[in-house]
Amino acid sequence: MWRVAMGSKRSVPSCDVECVHADVVHRLAPLLDGLDGVGETMSIFADDTRFKILVALSRSELCVCDVGALLQASSSSVSYHLRNLFRVGAVKYRREGKLVYYRLTDDAIATLIGAVLRYTGRPQ
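Under the numbering used here, think of the first position of the sequence shown as 1411, with each following residue one higher.
Think of the hints as simulated: they come from the structure by calculation, not from any bench. In this text, all values refer to a predicted model and were calculated from it rather than measured experimentally. Built from N, CA and C at the ideal position, the CB exists for glycine as well. Be a bit skeptical, because a hint or two may be false.
Each pair of labels, with its calculated beta carbon distance range [stated by the list, open to error]:
1. 1499 - 1429: 36 to 42 Å
2. 1513 - 1430: 17 to 23 Å
3. 1479 - 1432: 54 to 60 Å
Kindly generate the complete structure, drawing on both the sequences and the hints.
Structure follows, in C-alpha cells:
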C-alpha cells in the first residue's frame, strides 16, 4: 500500500535492514550522471517572490517597475530576484531607452510553472 503524506512533520519511514537492489541501482545510476547543478536551477521555484515574478512573466513581458508594483516591492528587491533568475537562465531582458523589460527565456519555463501550479492546486 502506497502512502502519501504531503506536509507531514512526522519522520519518513526507512528500511529496517540494509538490502541494496544492485540491478536497479546499476540501471538507474547513469540517469543521475550530469545532474549536478540542476537543484540550483530549480531553486528558482523555492522562493515565493521569485515564483511570483515567474508567474507574472509567464503571462507578459514586464519592465522592472511593473514587477515592483505587482509585488509591492522595492526596486532593489526586484532587481535582486531578477538577477538570480537571469543568472540561472530563466529570464532574459531587453533595454528600451531608460526601461528594462524582462521575459521568460523559453516556453519550457512556462510549462514548469504550470506544472508547479497544478501540483500545488493553485489557480492558473
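Of all the hints numbered above, which does this structure not satisfy? Sort the numbers upward.
Number 2 only.
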